[in-house]
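Line order of the protein sequences matches chains W and R.
The opening residue of the first sequence carries number 1 in the UniProt record's numbering; numbering runs sequentially from there.
The opening residue of the second sequence carries number 1 in the UniProt record's numbering; numbering runs sequentially from there.
FYI, nobody ran anything at the bench for these hints, they're computed from the structure.
One or more hints might be untrue.
Same chains, same names: a pair is fine if it fits in one copy or spans any two.
Claimed, not checked - Cut-off 25 Å, straight-line C-alpha distance, at most; resulting in silico cross-link-like pairs (SDA-like, lysine to any residue):
| no. | residue 1 | residue 2 |
| --- | --- | --- |
| 1 | K59 | K232 |
| 2 | K347 | S43 |
| 3 | K115 | V227 |
| 4 | K290 | P341 |
| 5 | K115 | N92 |
| 6 | K252 | L26 |
| 7 | K232 | H326 |
Number of protein chains: 2
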Amino acid sequence: MAQIYNFSAGPAVLPVSVVHQVQSELVSYKNSGMSIMEISHRSSLYTDMEAEAEENLRKLMRIPAEYDVLFLQGGGTLQFAMVPLNLAKGNNQVGYIDSGHWAQRAIEEAQLVPKIKTDVVASAASTNYTTLPEVPKLKKQYDYIHLTLNNTIEGTMYRKLPENLKHQLLVGDMSSNIMAQRYNVEDFGLIYAGAQKNIGPAGMTVVIVKHELLDDKLELPAMLSYVKQAAKHSALNTPPVFAIYVAGLVFKWLLEQGGVEEMQKRNEKKAELLYNYLDSSSLFNAPVTKDARSLTNIPFVTGNAELDQRFIADAQESGLVNLKGHRSVGGMRASLYNAFPFEGVQKLIEFMERFEQSVGGNR
Amino acid sequence: MAQIYNFSAGPAVLPVSVVHQVQSELVSYKNSGMSIMEISHRSSLYTDMEAEAEENLRKLMRIPAEYDVLFLQGGGTLQFAMVPLNLAKGNNQVGYIDSGHWAQRAIEEAQLVPKIKTDVVASAASTNYTTLPEVPKLKKQYDYIHLTLNNTIEGTMYRKLPENLKHQLLVGDMSSNIMAQRYNVEDFGLIYAGAQKNIGPAGMTVVIVKHELLDDKLELPAMLSYVKQAAKHSALNTPPVFAIYVAGLVFKWLLEQGGVEEMQKRNEKKAELLYNYLDSSSLFNAPVTKDARSLTNIPFVTGNAELDQRFIADAQESGLVNLKGHRSVGGMRASLYNAFPFEGVQKLIEFMERFEQSVGGNR
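Next comes chain W alone, as it looks inside the complex (with noise of 0.2 Å):
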């Protein structure tokens, strides 16, 4: 079949080569005779495979000695309980920025946490969050401010962390955008992030948190549990093995490739090329503010939504896969990690300037 080109939000394209490693060794993974899916979580196949992944993300991210890397279940979901379960303490009184869906789905699930009080401190609704929050100064200290790095509906993204939030204990969701481009570790108490986007196959979810955060006293039910977790390098049940495999491999590779900095260089080629065109296009155009803008999910409309459809609908025809928004929003969005090739981004430009073209340049 013809070369199709998937720009999907999440599960999105991996690494072609990463693809078809995993191909060639699923068999007998290091000639174990057994394949990755069958080794035992307790052998050294997979102590090795796991070590490995942990110390190519330490590099990647320059993740300092005192913060440990867990490879968790449950998606930024589950993180949104398990934030405040394991980091609302003294007060239980807890920030938040509201910058767009997932932000405010991280505000629900705290809600839904016992004892926790949570303060919106920002809010980019009044926009309808096509910028990002304007974050004030804040008054009080609170037990941790949760800050969504890259917003994947709304497509805008923090290249600079707001100023007012220094002395703040930051918790940053980077699902969608970590190791798209450099990020202090250092500047957050916990970083966590899904790895259908960014980083690997659905079913495993990163959480990097500075060790002294954690209480060995709080009595939580394991699963639920940082500390717990951290004193049992992630496997205190049996972990999704595939998963941390495939992404160890996608670490490798972004190593081979030269790391983050140059993820983050070809990520804004690949994002100017087509916000420029979208900006000079009469047909299409992007709603986000010029200095909020993702690198990672481009949303874009033709402000008309029959006319969105068809687009999605021809665009797919011709390879171009998976562009349609999301439901909440409508409209179309470019996701563009890391693995998302930048001829693909040329292609989906051709194709909107012959598209712009058969529909006569006008809305």
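Following the hints, put chain R in place on chain W, whose structure we already have.
Quick look at chain R alone, frame taken from chain W:
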């Protein structure tokens, strides 16, 4: 490399044809140009696959329509907490049968859920778990009684449900013997099983729950709520696509082989062969009483820890791998799940006979 036989208790051996199918279609699932790891969980590629997996599981286990089937994350250990979080109502008094290590872990986790009162209504501690607990007539009505159908570490299994548990709402942990023999789903309010033993790769947990038990007014974080997961068909957030896909292939394979009855026949034949040998051996010994023996997990010892170690190492070298017993009990364990072939048991017995001769048949 030479053929190996994988006796791992989990992650465990998968059907050879399933592993090969995963390999052959890994780069382009259903000719989509995308790997199964790259497809969106909102696409029909995913929803069709998930629906077929569920349908086949319903056929295999004869699951009535009034039960929800959920494909979750977090393994049995998260279920240890989710069961009391979701099913303890009214007096919050719940009963547990202490049949071994994993039953004890279920109790410990339930005790970490606020407001739950756990009663251990029966225990096999006095026989060091080489028997199943005698369940007395219960005087109280409990919100539920939790039963571990197969004790993976100790090698005991309920071939029939205890008489005195009738008229109680039963929660069954079938992690290591789901579909190894026929159980009647209607005898249970809820059944759960981590996939990585008798179903598929690690990272997916099957939950089968009677819909009327779910309370949609219960305010739990989404990932911990059966009713919220059921409302979204297990796709409340990104599900573990790859693990569900492989489990679905295993379900199809089970149907092709003749379903649960055929598996039970094969498992009985495999287990009988090994138990008969163990009972006749002058070196090896099966510690579990005959009426409590598991079909899927068969522990055995020589009575000499050093000799056990030598046996495990020699067997490993001969391609009989992962025979080491759980660290908490020592000795050996052969896990003979559905996908484990009859000839593997023959090879093991041949090897044990040779080993027995080589050490002179004496301990």
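Hint by hint, here is what the structure shows:
1. K59 <-> K232: Classified as within; 22 Å inside a copy, 38 Å across copies.
2. K347 <-> S43: Intra 45 Å, inter 22 Å, cutoff 25 Å: inter-copy only.
3. K115 <-> V227: Classified as both; 20 Å inside a copy, 22 Å across copies.
4. K290 <-> P341: Within one copy only: 23 Å inside, 61 Å across.
5. K115 <-> N92: Cα proximity of K115 and N92: in one copy and across copies (7 Å, 20 Å).
6. K252 <-> L26: both (18 Å within a copy, 20 Å between copies)
7. K232 <-> H326: Result: close only across copies, 16 Å inter versus 37 Å intra.
Figure legend: structure checked against the earlier numbered hints; every hint is met.
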